[in-house]
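Protein chains: 2
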Amino acid sequence: VGIVAETGGKVSNLRVGQPVISLDRVGHWCDAYVSDAQSLIPLPDDIPLEQAAMLSVNPPTAWRMLEGFVDLKPGDWVIQNAANSGVGRAVIQIARLRGIKTVNIVRREDLIPELEAEGADIVITDEIPLSKQIRDLTGNADAPLGLNAVGGESAREIAKSLSDHGTLVTYGAMGLQPLQMSNSLLIFKDLCFRGFWVNAWYKHADTKDIHDMFNQLIPLITSGKLTVPVEKTYPLTDAKAALAHASQGGRKGKILFVMN
Amino acid sequence: VGIVAETGGKVSNLRVGQPVISLDRVGHWCDAYVSDAQSLIPLPDDIPLEQAAMLSVNPPTAWRMLEGFVDLKPGDWVIQNAANSGVGRAVIQIARLRGIKTVNIVRREDLIPELEAEGADIVITDEIPLSKQIRDLTGNADAPLGLNAVGGESAREIAKSLSDHGTLVTYGAMGLQPLQMSNSLLIFKDLCFRGFWVNAWYKHADTKDIHDMFNQLIPLITSGKLTVPVEKTYPLTDAKAALAHASQGGRKGKILFVMN
Chain V
1 VGIVAETGGK
11 VSNLRVGQPV
21 ISLDRVGHWC
31 DAYVSDAQSL
41 IPLPDDIPLE
51 QAAMLSVNPP
61 TAWRMLEGFV
71 DLKPGDWVIQ
81 NAANSGVGRA
91 VIQIARLRGI
101 KTVNIVRRED
111 LIPELEAEGA
121 DIVITDEIPL
131 SKQIRDLTGN
141 ADAPLGLNAV
151 GGESAREIAK
161 SLSDHGTLVT
171 YGAMGLQPLQ
181 MSNSLLIFKD
191 LCFRGFWVNA
201 WYKHADTKDI
211 HDMFNQLIPL
221 ITSGKLTVPV
231 EKTYPLTDAK
241 AALAHASQGG
251 RKGKILFVMN
Chain C
261 VGIVAETGGK
271 VSNLRVGQPV
281 ISLDRVGHWC
291 DAYVSDAQSL
301 IPLPDDIPLE
311 QAAMLSVNPP
321 TAWRMLEGFV
331 DLKPGDWVIQ
341 NAANSGVGRA
351 VIQIARLRGI
361 KTVNIVRRED
371 LIPELEAEGA
381 DIVITDEIPL
391 SKQIRDLTGN
401 ADAPLGLNAV
411 GGESAREIAK
421 SLSDHGTLVT
431 YGAMGLQPLQ
441 MSNSLLIFKD
451 LCFRGFWVNA
461 WYKHADTKDI
471 HDMFNQLIPL
481 ITSGKLTVPV
491 EKTYPLTDAK
501 AALAHASQGG
511 RKGKILFVMN
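Protein sequence lines, in the order shown, are assigned to chains V and C. Be aware that the first sequence starts at 1, since it is given in this note's numbering, and climbs by one per residue. Be aware that the second sequence starts at 261, since it is given in this note's numbering, and climbs by one per residue.
Source of the hints: derived by calculation from the structure; they are not laboratory data. Nothing here was measured: the structure is a model prediction, and the numbers come from that model. Backbone N, C-alpha and C fix where the C-beta goes; we use that ideal spot for every residue, glycine too. Mixed in with the good hints, there may be bad ones.
[Said to hold, decoys possible] Computed list of lysine to any residue pairs in SDA-like fashion (alpha-carbon distance at most 20 Å, straight line): (1) K463/C / H165/V; (2) K420/C / Q180/V; (3) K361/C / G328/C.
[Unchecked claim] These stretches of chain C come out as covered by chain V in the derived footprint (C-beta under 8 Å, 3 or more residues): (4) 430-443; (5) 448-455.
[Unchecked claim] To list a few chain C residues with every Cβ distance to chain V over 10 Å, as calculated: (6) C290; (7) D306; (8) R356; (9) P373; (10) P389; (11) D469; (12) M473; (13) A504; (14) Q508.
My request is simple: use the sequences and hints to build the entire structure.
The structure is reproduced here in structure tokens:
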């Protein structure tokens with residue numbers, strides 16, 4: 001998050017003092033820099049700063065994966081692993097607002113109540129065979145979209161649970177296992193496997209599409225309908241402790257630096 | 261291939277005595293049956309019957325894979341394995357007619373000259389790493405489409421050779437190895453993995469699209485521009501010998517039954 005210090009003569013969408021997030025790939029670690037006005041997303045003054053700081057990566061990743069691959073209708077199911085990640089939680093909340101149901105796979109049982117509280121319809125731990133659990137719990141309902149940030153067996157079980165012509169979008173590889181897919185699943189169910197990386201999307205997308213997305217995301221953040229939990233904030237002087245904390249398992253939210 | 265024995269009152273696109281191929285999933289092993297006229301593709305009288313007998317599977321599979329996934333432009337490369345299969349040879353010939361270049365992967369060196377004679381631009385044997393060979397031979401040219409009938413390492417090497425945003429279509433699994441894909445390839449190159457099965461396509465496609473395709477394929481077959489080699493034909497009474505021959509490796513073409 002930054003604050004506009006000065007605007008050029010032709011800039012009408014930003015005012016001095018306005019909080020913004022930047023889509024530039026430079027300038028995040030300096031006191032001030034010059035940016036194209038189109039690369040800055042104006043924020044309302046009352047947006048929670050911690051949430052705004054996370055606004056350019058996780059919520060857009062979730063938003064684009066729900067928007068950009070499959071024409072989802074209310075009542076459709078989306079199946080995801082790594083459901084307690086920042087992206088996973090954004091998927092749960094955005095899907096819920098759109099009437100889309102989610103099956104959420106996590107590694108630890110103690111995450112189930114908190115994800116349910118955020119709006120998850122079904123939360124299960126990743127005991128194989130996942131696909132049988134998913135089939136039983138959803139009553140074999142239509143699941144045209146799967147989201148995968150793990151790889152390996154977990155990804156394969158999601159693919160098995162998708163409906164015919166379903167799409168599996170991979171956006172991470174936390175399990176470090178390659179994606180392994182039965183050829184027959186791909187051929188006879190006419191599945192589609194895609195990858196997604198939000199930075200590549202920012203690079204290729206129309207400026208209008210990017211601004212449209214933020215125009216829809218920002219009110220959700222400001223109203224608290226979409227929120228990513230923060231475990232703890234640190235000043236930069238405690239960077240070492242912050243990094244140690246961030247690399248711990250079992251966290252309930254993000255570790256953030258406070259820059260004041 | 262069948263011959264029209266009788267037509268109903270409203271049928272204008274077929275005449276008695278006309279050779280046809282049938283898209284019905286029944287009736288291939290009987291002397292006569294009743295079909296919807298739209299499910300029969302009329303053939304010219306001078307079409308080679310052996311080629312017509314193979315017209316409904318391999319050439320349409322090749323045609324649809326070249327048409328249905330990526331907008332190929334003349335000069336683009338397509339990379340395929342199992343290049344000496346019936347589908348593989350049809351891909352080579354159709355691609356060549358459209359000005360599309362092919363990299364063809366085969367298991368045996370002795371297949372190289374015959375595939376080159378059919379119009380293959382590059383033929384290589386599947387020694388790993390394939391992707392380095394492909395890169396060197398094509399001069400790193402744009403390859404937006406890969407066709408995979410093998411799986412495993414072969415499929416992965418094709419995927420590695422595709423350009424950004426490339427598509428890998430899997431239509432077979434001769435290697436019996438699951439498709440294994442690095443997650444990073446999928447995410448950072450924005451690849452897309454799809455499956456294709458021509459029978460499913462027939463089931464879902466518009467009748468108009470099916471007839472349009474055959475209207476383009478049939479002249480290619482009749483003129484000999486598109487041909488699948490036949491190794492040997494057998495009468496039905498020699499079924500045992502025919503099956504034994506068909507299951508041999510090292511064949512140069514299809515084994516067909518002659519039904520007279």
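Against the structure, the hints come out as follows:
A threshold of 20 Å between alpha carbons decides the hint, and for K463/C with H165/V the separation of about 14 Å falls inside it, so the pair holds. Between the alpha carbons of K420/C and Q180/V the distance comes to roughly 15 Å, so the proposed pair stays at or under 20 Å and holds. For the suggested pair K361/C and G328/C, the alpha carbons sit about 17 Å apart, so the restraint of at most 20 Å is met. Only when three residues or more bring their CB closer than 8 Å to a CB of chain V does the claim for the stretch 430-443 of chain C stand; here the count is 10, and the claim holds.
Under a criterion of three residues with beta carbons nearer than 8 Å to beta carbons of chain V, the stated coverage of the stretch 448-455 of chain C is upheld, 8 such residues being counted. With a cut of 10 Å on Cβ distances, C290/C stays outside the contact zone with chain V, its closest approach being about 27 Å. Against chain V, the non-interface label of D306/C holds: every CB pair exceeds 10 Å, the least being about 35 Å. Against the 10 Å criterion, R356/C stays outside the reach of chain V, whose nearest CB is about 26 Å from its own CB.
The beta carbon of P373/C sits about 30 Å from the closest Cβ of chain V, which is more than 10 Å, so the claim that it is off the interface holds. For P389/C, the requirement that its beta carbon stay farther than 10 Å from each beta carbon of chain V is met, with the minimum near 16 Å. The claim that D469/C is not at the interface with chain V holds, since no C-beta of that chain comes within 10 Å of its own (minimum 16 Å). Distance check for M473/C against chain V: the nearest CB is about 18 Å away, which clears 10 Å, and the non-interface claim stands.
Every beta carbon of chain V lies more than 10 Å from that of A504/C, the smallest distance being close to 27 Å; the non-interface claim holds. With a least CB separation of 24 Å from chain V, Q508/C remains clear of the 10 Å interface cut-off, as annotated.
Taken one by one, the earlier hints all hold for this structure without exception.
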